[in-house]
Amino acid sequence: MITEKMRDVAKDLLTKGEVNMVIGWEKGTFWYNSTPVFITKAEDVERLVFDEFCTNNLAKYLLDYKTAEGKVAIFVKGCDARAVNRLMQDQQVQRDKVYLLGIPCGGMKEAAPGTQPQATEGLPLVEKCQNCTSPNPVVFDVLLGDQVSVRDTQNRFAAVEKLEALGTDEKYAYWGEMFDKCIRCYACRNVCPACSCRECAFDGNGLNWLGKQNNLQENQMFNITRAMHVAGRCIECGECERVCPMDLPLMAINRKVIKDLNELFGAYEAGMDVENRPPLGQFKLEDPEKFM
Amino acid sequence: MKAIAKTQISELLNQVAREYNVLVPVAGADKYAPYTPGIELKLNSRTLLPPKDVFFPQTEKMYKFSTDGMEGSLDSLLTTPKPQLLFGIRPCDVKSIHCLDHVFLSKGFVDEFYAAKRDNTFLISIGCNGPAESTCFCQSMGINPQDTDEVDVHLFDLGSQYGVVPKSAKGEAFVAKYAALFAETTEEVPAVAEFTLNLELDGVSEKLAQMFEHPLWEEVSRKCIGCGACTYLCPTCHCFDVSARVAGTQGFRFRCWDSCMFSDYTRMAGGHNPRPSKKERVRNRFLHKLQYFPERYGDSLCTGCGRCLSKCPVNMDITNIIKQVREVDLV
Numbered sequence: 001m002i003t004e005k006m007r008d009v010a011k012d013l014l015t016k017g018e019v020n021m022v023i024g025w026e027k028g029t030f031w032y033n034s035t036p037v038f039i040t041k042a043e044d045v046e047r048l049v050f051d052e053f054c055t056n057n058l059a060k061y062l063l064d065y066k067t068a069e070g071k072v073a074i075f076v077k078g079c080d081a082r083a084v085n086r087l088m089q090d091q092q093v094q095r096d097k098v099y100l101l102g103i104p105c106g107g108m109k110e111a112a113p114g115t116q117p118q119a120t121e122g123l124p125l126v127e128k129c130q131n132c133t134s135p136n137p138v139v140f141d142v143l144l145g146d147q148v149s150v151r152d153t154q155n156r157f158a159a160v161e162k163l164e165a166l167g168t169d170e171k172y173a174y175w176g177e178m179f180d181k182c183i184r185c186y187a188c189r190n191v192c193p194a195c196s197c198r199e200c201a202f203d204g205n206g207l208n209w210l211g212k213q214n215n216l217q218e219n220q221m222f223n224i225t226r227a228m229h230v231a232g233r234c235i236e237c238g239e240c241e242r243v244c245p246m247d248l249p250l251m252a253i254n255r256k257v258i259k260d261l262n263e264l265f266g267a268y269e270a271g272m273d274v275e276n277r278p279p280l281g282q283f284k285l286e287d288p289e290k291f292m
Numbered sequence: 001m002k003a004i005a006k007t008q009i010s011e012l013l014n015q016v017a018r019e020y021n022v023l024v025p026v027a028g029a030d031k032y033a034p035y036t037p038g039i040e041l042k043l044n045s046r047t048l049l050p051p052k053d054v055f056f057p058q059t060e061k062m063y064k065f066s067t068d069g070m071e072g073s074l075d076s077l078l079t080t081p082k083p084q085l086l087f088g089i090r091p092c093d094v095k096s097i098h099c100l101d102h103v104f105l106s107k108g109f110v111d112e113f114y115a116a117k118r119d120n121t122f123l124i125s126i127g128c129n130g131p132a133e134s135t136c137f138c139q140s141m142g143i144n145p146q147d148t149d150e151v152d153v154h155l156f157d158l159g160s161q162y163g164v165v166p167k168s169a170k171g172e173a174f175v176a177k178y179a180a181l182f183a184e185t186t187e188e189v190p191a192v193a194e195f196t197l198n199l200e201l202d203g204v205s206e207k208l209a210q211m212f213e214h215p216l217w218e219e220v221s222r223k224c225i226g227c228g229a230c231t232y233l234c235p236t237c238h239c240f241d242v243s244a245r246v247a248g249t250q251g252f253r254f255r256c257w258d259s260c261m262f263s264d265y266t267r268m269a270g271g272h273n274p275r276p277s278k279k280e281r282v283r284n285r286f287l288h289k290l291q292y293f294p295e296r297y298g299d300s301l302c303t304g305c306g307r308c309l310s311k312c313p314v315n316m317d318i319t320n321i322i323k324q325v326r327e328v329d330l331v
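Top to bottom, those sequences are chains A and B. 1 is the number of the first residue of the first sequence in the numbering used here; add one for each residue after it. 1 is the number of the first residue of the second sequence in the numbering used here; add one for each residue after it.
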């Protein structure tokens, strides 16, 4: 049903010339995956779909078209919408250059690879959607579908609390084992809507902040820096953890940072709007200065 | 044919471990790692990480250097490893080693770091009786999933046992040496189960030679996020960078995997980048796999192992791209 509406609105926008491109999802290789698609011709709108496998956060693609002529329309679930807000807050995306097609999202599902098509009701939610605090788009031009209720997110920090309970040496051993597995493919960075630097400090720009050897020391340097760099700007879309080919628990680090920020600077959720600036993106006289 | 019961594999590995450094497919870590008794093996499918790092490690120190005033010294860090045995590689990965051999050992140049490990490694493969994963398409890439000749010993999967077939003189000696573990069987190799992912590769290389400027590349590259997951999980991708680590008067030079999907991969010292956007990078990756490598070595650089397809964050699907290339109408 949403799919029909998507196609109608996309066709309308492209036919009237209000936008030059519509970014959405189409079916992927298997029935259990849907994948980003870029529609530029009205006759191609039939490719668009919305189902329980549209897991990818699309917002980051807006960076590819930020200097393009005209407007780009993009479908946004709750997490995509928060990512768009974040990018707008950082002046990476201009509001009048994007047309936001909001879709309330009941959470994405996953099926075991290789299984035959089955009803999606019985499938489990993907990890990244289990503690979603904003299933409804927080910014949009039109909303397709009815708002959905927010799931219980009491377990949002459960993984963090479990790790916090470990001793220092145990924590070090745990993360050492994790980062030792990192192959430094940078999928976590590249998919992240908070990682919007035109040039990353970790790309070979001659500054050598990080060597190219794959070893624990360098991998740790990368992973910790990545987490700290998105501090206060992570919208918890969980894309980093989803795309990690080595299954590293990256959201545990991100949520640890979020939890600490909330305790230090007061509750804050990135990307809910463009007015409230991230705790580390502003200065207040009453900010804690324990580290000074 | 000789055969060994699957329950006897650990006994075989225990025995050969006295002679070799044995590398086995390990469950959990999902890669090839040193064998230790009791380690949980992954023998029902390919590993997530390919075996290429056995011969071509992700990071490899090449030589060290030091200075003392105006004097300097260099010391090679090339070592000859203890004989090693790589157990349980699949025909797709055997083919990938064949591709790496082309690169590192042929056309008049022998890479001594690769050769030292390659020459010292005894290969034992295991055949697949069909697609081990939903993303497998080796058959379409001209590989027999059940059998391969480019190893020392090959094992056919016969259900409760493996059929043991030597494929080299070293393999003959190996089978003779461990004969006590092998019994004769009349069981036959089952028929290959049907693959769900199939494609036609005929003529693709020739067609791609005319498609460098085709708009297809702009279209298929749009969703690529430019990470290196595909290249690092690929059993045949072999690009590397050479870099150094220096501290005071000492340092070492190393090589490490690099990825043509990274923006800095082709960046020149002056800042110019001949592959400035993902269109050029994605095009290069697929042309290298499907045109340049076949032109130079007569083999596809894709073995159909399906690792990239299984892990790509945005479902970039090489089988789909090949199909799209076939559908292109060249005027």
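No lab work stands behind these hints: they were computed from the structure. Where a beta carbon is used, it is the ideal one built from N, C-alpha and C, also for glycine. Accuracy of the hints is not assured; some may be wrong.
[What the hints assert, rightly or not] Using C-beta positions, here's what the derived DEER-type ranges look like: (1) A:K66 <-> B:A244: 34 to 40 Å; (2) A:C197 <-> B:E112: 54 to 60 Å; (3) B:E112 <-> A:P117: 36 to 42 Å; (4) B:N144 <-> A:S149: 50 to 56 Å; (5) A:L125 <-> B:F109: 27 to 33 Å; (6) A:D180 <-> B:M62: 46 to 52 Å; (7) B:R296 <-> A:K259: 52 to 58 Å; (8) B:E213 <-> A:G106: 23 to 29 Å; (9) A:E4 <-> B:H214: 46 to 52 Å; (10) B:L43 <-> A:L216: 28 to 34 Å; (11) A:A42 <-> B:A209: 51 to 57 Å; (12) B:T36 <-> A:A165: 27 to 33 Å; (13) A:A119 <-> B:G159: 56 to 62 Å.
Right, here's what the structure says about each hint:
1. A:K66 <-> B:A244: 34 to 40 Å: Check passed, 37 Å falls within 34 to 40 Å.
2. A:C197 <-> B:E112: 54 to 60 Å: With Cβ atoms ~39 Å apart, the hint is violated.
3. B:E112 <-> A:P117: 36 to 42 Å: violated, 52 Å
4. B:N144 <-> A:S149: 50 to 56 Å: holds, 54 Å
5. A:L125 <-> B:F109: 27 to 33 Å: Since the Cβ atoms of L125 of chain A and F109 of chain B sit about 53 Å apart, the hinted range of 27 to 33 Å is violated.
6. A:D180 <-> B:M62: 46 to 52 Å: Once the Cβ atoms are compared, 22 Å apart, the range 46 to 52 Å for M62 of chain B and D180 of chain A is violated.
7. B:R296 <-> A:K259: 52 to 58 Å: holds, 53 Å
8. B:E213 <-> A:G106: 23 to 29 Å: About 44 Å separates the Cβ atoms of E213 of chain B and G106 of chain A, which means 23 to 29 Å is violated.
9. A:E4 <-> B:H214: 46 to 52 Å: violated, 33 Å
10. B:L43 <-> A:L216: 28 to 34 Å: holds, 29 Å
11. A:A42 <-> B:A209: 51 to 57 Å: violated, 34 Å
12. B:T36 <-> A:A165: 27 to 33 Å: holds, 31 Å
13. A:A119 <-> B:G159: 56 to 62 Å: violated, 34 Å
Going down the numbered hints, you'll see the structure goes against 2, 3, 5, 6, 8, 9, 11, 13, while the others check out.
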